[in-house]
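Q: Sequence:
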Amino acid sequence: MSNQRRHPRIPMKCRIKVSHESFGELIAQTRDLSDGGVFIRHPELVGLATGTLISGQVQDLPIEAPVLRMQVMRADGEGVGVRFILDEEAG
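In terms of full-length UniProt numbering, the sequence shown is residues 1 to 91.
There could be a bad hint or two in this list.
[Claimed, not checked] FRET-style restraints, in silico, Cβ to Cβ:
#, residue 1, residue 2, range
1, SER22, PRO62, 26 to 36 Å
2, ASP87, GLU64, 13 to 23 Å
3, PRO11, GLN59, 17 to 27 Å
4, ILE27, ILE63, 12 to 22 Å
5, ILE10, ARG74, 17 to 27 Å
6, PRO62, ILE27, 29 to 39 Å
Derived by calculation from the structure, the hints in this document are not laboratory data. We treat Cβ as the ideally placed atom computed from N, Cα and C, and that holds for glycine.
Modelling step: build the complete structure from the supplied sequences, incorporating the hints.
A: Right, here's the structure in full:
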């Protein structure tokens, strides 16, 4: 199976607050990051359907991070891979 990713991934662990109407807010941990998205590890996220929109905000930075909209692209036993939704897509 060939790697069809547009953006290379880098391992990156940080705390991220994730929110969605189905569960409210929870604190999860990232596994890796790319220019296009991030993999978020948390058992409550594995049930989200592909295409689900969620919000996320990195925690523990010296300044408050922006809240980003993200779309679930895949799920596995650890969590979800999401892509960042750009402002022009949010329309």
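Q: Against each hint, give a clear statement of whether it holds in the structure.
A: Hints, one by one, checked against the model:
1. SER22 with PRO62: 26 to 36 Å: At 31 Å between Cβs, range holds.
2. ASP87 with GLU64: 13 to 23 Å: Given about 18 Å between the Cβ atoms, the range holds.
3. PRO11 with GLN59: 17 to 27 Å: Since PRO11 and GLN59 have Cβ atoms about 18 Å apart, the given range 17 to 27 Å holds.
4. ILE27 with ILE63: 12 to 22 Å: Holds - the Cβ-Cβ distance for ILE27 and ILE63, about 18 Å, lies within 12 to 22 Å.
5. ILE10 with ARG74: 17 to 27 Å: Holds, since ILE10 and ARG74 (Cβ atoms, about 18 Å apart) stay within the stated range.
6. PRO62 with ILE27: 29 to 39 Å: violated (18 Å)
When held up to the earlier numbered hints, the structure conflicts with hint 6 and nothing else.
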